[in-house]
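Model the placement of chain W on the given structure of chain C, informed by the hints.
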Amino acid sequence: MLLQFGVEQAYTDYLIHLAVTLIAMMLALYIVFQAFRGYRRNDSQRILFLAIGLALLTLAPFALSILGASLGNSLGLGPRLYTFYLPVASRLLEICGLGCILYSLFIRN
Amino acid sequence: MSGTAVYVHAVFPAQKIEYVFYLNRNRPIHVSEDCSPSELFALLDDEYARAILTATSTQSMSAKSLSEECDASLPTVYRRADRLIECGLLAERTEVVEDGHHYSVYEAQLDRLTVELDDGELHVDVEETPADDVADRFTDMWEDI
Numbered sequence: 628m629l630l631q632f633g634v635e636q637a638y639t640d641y642l643i644h645l646a647v648t649l650i651a652m653m654l655a656l657y658i659v660f661q662a663f664r665g666y667r668r669n670d671s672q673r674i675l676f677l678a679i680g681l682a683l684l685t686l687a688p689f690a691l692s693i694l695g696a697s698l699g700n701s702l703g704l705g706p707r708l709y710t711f712y713l714p715v716a717s718r719l720l721e722i723c724g725l726g727c728i729l730y731s732l733f734i735r736n
Numbered sequence: 003m004s005g006t007a008v009y010v011h012a013v014f015p016a017q018k019i020e021y022v023f024y025l026n027r028n029r030p031i032h033v034s035e036d037c038s039p040s041e042l043f044a045l046l047d048d049e050y051a052r053a054i055l056t057a058t059s060t061q062s063m064s065a066k067s068l069s070e071e072c073d074a075s076l077p078t079v080y081r082r083a084d085r086l087i088e089c090g091l092l093a094e095r096t097e098v099v100e101d102g103h104h105y106s107v108y109e110a111q112l113d114r115l116t117v118e119l120d121d122g123e124l125h126v127d128v129e130e131t132p133a134d135d136v137a138d139r140f141t142d143m144w145e146d147i
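Sequence lines, in order, name chains C and W.
Using our numbering, the letters of the first sequence correspond one by one to residues 628 to 736.
Using our numbering, the letters of the second sequence correspond one by one to residues 3 to 147.
Isolated chain W (complex conformation):
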């Protein structure tokens, strides 16, 4: 996933991105979820955010195990995870344990990020991977309606 961020910056050097955003101030841009392209790029520029994405891409992980895996404090993990969820790159699920307790786990949603420059408009599109669990896929499907 960290490769995605490198790709974005290589294709769009800083000054070009500024130019494009300026152009787009008065135009509608297609942005996934409730997240602006600048927020998305800033988020992917963050090493902890990328570490959370790569760690949760193979298996869902709790905030505690993420904080160990990414060598980040628990508040840092929560802050990054919240921003990643807002941008639709990460999903939060509740895992229910036998004794009735439940805790949150995170799962990467990002499959591919495409940035397209088309007729003076910048399109940023987040393609999501389908969830592993059938119940999660069902929920995502129904919520997308």
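Pulled out of the complex, with its shape left as it was, chain C reads as follows:
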């Protein structure tokens, strides 16, 4: 009984995690999409790098966190996946994203 409750709990946790991540991803996707359209319409390098930066900063870690939650056990990396690999990979993507945004600020048209 206790075990079954634990499994159900984990399942709802996973669903809630998936739902909020999808909402955040949709909002991020919309903003990135508008920035990318701005690049297509205005031929502006600066907004292109902002779009790439925002994508790396938001979309990539979200995608990673969903992948980690759904494929985590089958990879066989154990708990280190959640305590080390995923956070570090997310952080590295965020660093790349921030680098893109910083670069975009320094481009002179």
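It should be emphasised that the hints constitute simulated quantities derived from the structure, not laboratory data.
These figures come from a predicted structure and were not determined experimentally.
All C-beta atoms, glycine included, are put in the ideal place defined by N, C-alpha and C.
A few of these clues could be false.
As the list claims (entries may be wrong) - So the derived label-pair ranges between C-beta atoms look like this: (1) W/77 with C/646: 49 to 59 Å; (2) W/56 with C/690: 46 to 56 Å; (3) W/64 with C/704: 49 to 59 Å.
Unchecked claim - Partner residues are not named here, just some residues of chain W that face chain C (Cβ under 10 Å, in silico): (4) 45; (5) 75; (6) 78; (7) 80; (8) 93; (9) 94; (10) 95; (11) 101; (12) 103; (13) 138.
The following block gives chain W in isolation, referenced to the frame of chain C:
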């Protein structure tokens, strides 16, 4: 938009403008973008430039449709449009069509032009209208930083 040019000339008759510019040769004047006040006034004095501004104020238009609308040759439209863009009165956007082709459209940026004479200095300020499309506003905002 053509009314704006009339307003400028009515307030500053030719000799007065010359006087003011002379005064300002050694002083910093606030000019929008990379365009001097004399260039701006000369541009607004041009009937094709005004026609392009008025035509593109309601909807964005391609050079071809502008040339029909303003009864001007295509090279004339391109020359005026380039000068208007330099002065920050017009914006050029790329419209992407379904099949992957894209072409340029122009959209008026000018909302209001103010000329202020203050303590021997002439301030010409171009106020821009925010772009219609959210992607264009986003781009303008980010580029203004």
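Quick rundown of the hints versus the structure:
no. : hint                        : verdict
1   : W/77 with C/646: 49 to 59 Å : holds (57 Å)
2   : W/56 with C/690: 46 to 56 Å : holds (48 Å)
3   : W/64 with C/704: 49 to 59 Å : holds (56 Å)
4   : 45                          : violated (22 Å)
5   : 75                          : violated (25 Å)
6   : 78                          : violated (23 Å)
7   : 80                          : violated (16 Å)
8   : 93                          : holds (8 Å)
9   : 94                          : holds (8 Å)
10  : 95                          : holds (5 Å)
11  : 101                         : violated (14 Å)
12  : 103                         : violated (12 Å)
13  : 138                         : holds (6 Å)
This entry does not satisfy hints 4, 5, 6, 7, 11 and 12, going by the numbered hints stated previously.
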